[in-house]
Amino acid sequence: MKAEIIQIGNSKGIRIPKKVLEQCGFNSEVELEIDEGKLVITPAKKLREGWEEAYKAMAAADEVDPELNDWDAASPDPDEIDWVWDNK
861 MKAEIIQIGN SKGIRIPKKV LEQCGFNSEV ELEIDEGKLV ITPAKKLREG
911 WEEAYKAMAA ADEVDPELND WDAASPDPDE IDWVWDNK
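Residues 861 to 948 in the working numbering are what the sequence shown lists, from first letter to last.
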């Protein structure tokens, strides 16, 4: 498929047909990469993508620290902290 390079303000761009966007899974952001003189466009990864699956795999392999599952155990009690106030 060919696409025409068009002027967009001070930049250049291409129009990507809706069907192509859908087939590639593109939403509002993409990753751009140059690979051996070719422009590679991939869907942008979501923040923390894959973390849940990795955590489940670690838990199944018994590699998870049990204290990480208990927020209260991992966080200090605010009433027990020696707070220092800077009066500059």
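Read the hints as simulated data drawn from the structure, not as lab findings. A hint or two may mislead.
[Unchecked claim] Quick list of in silico lysine-lysine cross-link-like pairs, DSBU-like style, CA-CA up to 35 Å:
no., residue 1, residue 2
1, 862, 879
2, 906, 916
3, 898, 872
4, 872, 862
5, 862, 916
6, 862, 905
7, 872, 905
8, 906, 872
9, 872, 916
10, 905, 916
Keep in mind that this is a model prediction, so the values were computed, not measured.
For each hint, the structure was consulted:
At roughly 15 Å between alpha-carbon atoms, residue 862 and residue 879 fall within 35 Å of each other, so this suggested pair holds. With a C-alpha separation of about 18 Å, the suggested pair residue 906 and residue 916 falls inside the 35 Å cut-off, and the hint holds. With a C-alpha separation of about 16 Å, the suggested pair residue 898 and residue 872 falls inside the 35 Å cut-off, and the hint holds. With a C-alpha separation of about 16 Å, the suggested pair residue 872 and residue 862 falls inside the 35 Å cut-off, and the hint holds.
Our distance criterion of 35 Å between C-alpha atoms is broken by residue 862 and residue 916, whose separation comes to about 43 Å. For the hint linking residue 862 to residue 905, the alpha-carbon distance of about 27 Å falls within 35 Å, and the restraint holds. A threshold of 35 Å between alpha carbons decides the hint, and for residue 872 with residue 905 the separation of about 24 Å falls inside it, so the pair holds. Of the pairs offered as hints, the one joining residue 906 and residue 872 holds, with about 26 Å between alpha carbons and a cut-off of 35 Å not exceeded.
A hinted pair counts as satisfied when its Cα atoms are at most 35 Å apart, and residue 872 with residue 916 does not qualify at roughly 44 Å. Taken as a hint, the residue 905 and residue 916 pair is honoured in the structure, with Cα atoms around 20 Å apart against an allowance of 35 Å.
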